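J.: Sequence:
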Amino acid sequence: VQLQASGGGLVQPGGSLRLSCAASGDIFSLYTMGWYRQAPGKQRELVATISALGSTDYADSVKGRFSGSRDNAKNTVYLQMNSLQPEDTAVYYCSAKKLYWALTPDYWGQGTLVTVSS
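The working numbering applies: residue 1 is where the sequence shown begins, and numbers increase by one.
Where hints are given, some of them may not hold.
Stated by the list, open to error - Have a look at the derived ranges for each label pair, beta carbon to beta carbon:
id	residue 1	residue 2	range
1	ARG44	GLN80	32 to 40 Å
2	ALA102	GLY15	31 to 39 Å
3	GLY41	LEU99	26 to 34 Å
4	LYS98	LEU10	12 to 20 Å
5	SER118	ALA73	35 to 43 Å
6	ALA102	GLN38	25 to 33 Å
7	THR56	LYS98	14 to 22 Å
8	LEU30	SER117	34 to 42 Å
9	ASP60	GLY7	20 to 28 Å
10	GLN4	GLU45	17 to 25 Å
11	ASP71	ASP106	17 to 25 Å
12	TYR100	ALA73	17 to 25 Å
As the list claims (entries may be wrong) - Distance condition first, Cα-Cα at most 30 Å in a straight line; then the derived BS3-like pairs of lysine-lysine:
id	residue 1	residue 2
13	LYS63	LYS74
14	LYS63	LYS98
15	LYS97	LYS74
16	LYS74	LYS98
17	LYS98	LYS42
18	LYS97	LYS42
19	LYS97	LYS63
20	LYS63	LYS42
Treat the hints as calculated values from the structure; they're not laboratory data. Predicted, not measured: the structure shown is a model, and the values here were computed from it. For each residue, glycine too, the CB sits at the ideal point set by N, CA and C.
From just these sequences and the hints, can you work out the full model?
T.: Spelled out as C-alpha cells, the structure:
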C-alpha cells in the first residue's frame, strides 16, 4: 500500500486545514486508517483513527476540533482540523493497518507539515 498525504501548510491560530491521504496498491476499504503527528523534539503520537467501517477515535488533545473521515470510492482518508493552535504544529502522517487492534501501522505516508503561527 502506498500512501500520499497532502494539505499541510501555514495557518493562523484559530484557523482550519483539511489533510488528505490518497491510498493505492490494495483494497483500501479493508484498512483501518490513522493520522499521527510528530512535533519537533517530541515522539510521534496518534491523533485519529478511522476504522474500515468509518468509526472514529481521537486523542484527547484534538477531540472536538479534529474530524476524520474516509471516502472508499476515492481511496482517500481525510483529517479536518479546526480551531488550530500553535501546539498543533507538527508533521502529520497518515497510516494504514489491516488489523484494527494492531499496535503499529503496516504502512506510512510521507508526512505533511502543518504550521500554526501568527
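J.: Is the gap between the beta carbons of ALA102 and GLY15 within 31 to 39 Å?
T.: The hint (31 to 39 Å, Cβ to Cβ) holds, given that ALA102 and GLY15 are roughly 33 Å apart.
J.: If I claimed the Cβ atoms of ASP60 and GLY7 lie 20 to 28 Å apart, would that claim hold in this structure?
T.: Because 23 Å falls inside the window, the suggested range holds.
J.: Between the beta carbons of GLY41 and LEU99, is the distance compatible with 26 to 34 Å?
T.: Because 31 Å falls inside the window, the suggested range holds.
J.: Starting from the range 25 to 33 Å, see whether the pair ALA102 and GLN38 falls in it by beta-carbon distance.
T.: 19 Å, violated
J.: Do the alpha carbons of LYS63 and LYS98 lie within 30 Å of each other, as the hint requires?
T.: With a Cα-Cα distance of about 24 Å, the restraint between LYS63 and LYS98 holds, given a limit of 30 Å.
J.: Run the distance test for LYS98 versus LYS42: straight-line Cα separation, threshold 30 Å.
T.: 27 Å, holds
J.: Could you check the hint for me, namely that LEU30 and SER117 are 34 to 42 Å apart, CB to CB?
T.: 38 Å, holds
J.: Range hint 17 to 25 Å: satisfied by the CB atoms of ASP71 and ASP106?
T.: For ASP106 against ASP71, whose Cβ atoms are near 21 Å apart, the range 17 to 25 Å holds.
J.: If you check the beta carbons of SER118 and ALA73, does the distance land in 35 to 43 Å?
T.: Given about 38 Å between the Cβ atoms, the range holds.
J.: Keeping to a limit of 30 Å between CA atoms, is the pair of LYS97 and LYS63 held or broken?
T.: Cα-Cα ~22 Å, so holds.
J.: Confirm or reject the claim that TYR100 and ALA73 have a C-beta distance inside 17 to 25 Å.
T.: Between TYR100 and ALA73, where Cβ atoms are some 21 Å apart, the hint holds.
J.: Next pair to validate is LYS97 with LYS42; report whether the Cα-Cα distance is within 30 Å.
T.: Holds, at about 23 Å.
Against the hints set out earlier in the document, violations occur for numbers 1, 4 and 6.
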